[in-house]
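Trainee: Given the sequences, and given the hints that come with them, work out the whole structure.
For the sequence shown, position 128 (counting from the first letter as 1) is numbered 128 according to full-length UniProt numbering, and the numbering increases by one without interruption.
For the record, the hints were derived by calculation from the structure and aren't laboratory data.
Some hints could be false.
[Said to hold, decoys possible] Okay, the calculated beta carbon distance ranges per label pair: (1) G207 to A68: 19 to 25 angstroms; (2) A203 to G25: 16 to 22 angstroms; (3) Q103 to E133: 35 to 41 angstroms; (4) G145 to A22: 19 to 25 angstroms; (5) A51 to T73: 21 to 27 angstroms; (6) R98 to D163: 21 to 27 angstroms; (7) K161 to A51: 18 to 24 angstroms.
All residues carry an ideal CB built from backbone N, CA and C; glycine is no exception.
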Amino acid sequence: MIIAIDGPAASGKGTLARRLAAHYGLPHLDTGLLYRAVGAACLAAGGLGDAMAAARIAHDLDLTSLDADALRTAEVGEAASVVAAVPEVRAALLDLQRRFAAQPGGAVLDGRDIGTVICPDAGAKLFVTATSEVRAERRFKELSGRGDAVTYDEVLADIRKRDARDSHRAAAPLVQAPDSALLDTSTLGIAEAFAAALALVEARRAGT
1 MIIAIDGPAA
11 SGKGTLARRL
21 AAHYGLPHLD
31 TGLLYRAVGA
41 ACLAAGGLGD
51 AMAAARIAHD
61 LDLTSLDADA
71 LRTAEVGEAA
81 SVVAAVPEVR
91 AALLDLQRRF
101 AAQPGGAVLD
111 GRDIGTVICP
121 DAGAKLFVTA
131 TSEVRAERRF
141 KELSGRGDAV
151 TYDEVLADIR
161 KRDARDSHRA
171 AAPLVQAPDS
181 ALLDTSTLGI
191 AEAFAAALAL
201 VEARRAGT
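Mentor: What follows is the structure, encoded as C-alpha cells:
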C-alpha cells in the first residue's frame, strides 16, 4: 500500500504521514527533506543561482546522510522552495522517490507532488491543508521554539511566498490530485487530524 500525502508548508502533512506510517508499519519519506538537503548544500557551496550544480547535488544525494533537525531552519526552508522549482533538481530526485515508494509492502510519502507526479497510482491520497494564518502560527512556534529569531509576520510572509512559488512553478506545481481526499486541519488538533486522516485512508482502502 502506498499512501501519498501532499499539501503546503506547515499544513500538518508530515506529522500525519509519520503517524500513518507508524500505524500501518510502513517506511516513511518526507520528500521535503530531500529538497531541504539540496538547498542547504547549495547555500554551503555559495548560492542558489547555479541550476546545474543543484541538479548534481540532487543526483548524488544520500538518504542515509540527511540530518532532519539541521535542515529545519527558516533559511534552509526558503532555499528548498527555490531549488524545488528547478526542473533538473526535480528530475534528479524523481527516481529516488519512486524507488522508495516501490519497497515491498509499500510506503508513506509526503510532499507537494506525491499524488500527482511521484506516485500517481497510490492506493490512498490525501491533500492536507490549512489557512495561511494557522500554518504561519504553527511554523512560528516551531522556529521560535528552536531559538530562531523570527516574527510571526515574517513567517506569514514567507508562507505566502512559498505557497505562490510552489503553486505556480512550471515543474510539478502544488495542486490537489483529482482523486485525493481533502483534509483541512485549520481547526483540528493532532489527534483529531490523525483520526480524520486514518478514516480517509481506510475509506479509500475499502473502496468507498
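Trainee: Are the hints correct? Go through all of them and say.
Mentor: Taking the hints in turn, this is what the structure says about them:
Our hint of 19 to 25 angstroms for G207 and A68 is violated, since their Cβ atoms are close to 35 angstroms apart. With their beta carbons about 20 angstroms apart, A203 and G25 fall inside the hinted range of 16 to 22 angstroms. Roughly 37 angstroms separates the CB atoms of Q103 and E133, a value that falls within the hinted 35 to 41 angstroms. Separation of G145 from A22 is about 23 angstroms and conforms to the stated range, judged on CB atoms against 19 to 25 angstroms.
Taken as a hint, the range 21 to 27 angstroms holds for the pair A51 and T73, whose Cβ atoms sit roughly 23 angstroms apart. For R98 and D163, the hinted distance range of 21 to 27 angstroms is satisfied, since their beta carbons lie about 26 angstroms from each other. In this structure the hint that K161 and A51 lie 18 to 24 angstroms apart at CB holds, the actual value being about 20 angstroms.
The structure shown violates just one earlier hint, number 1.
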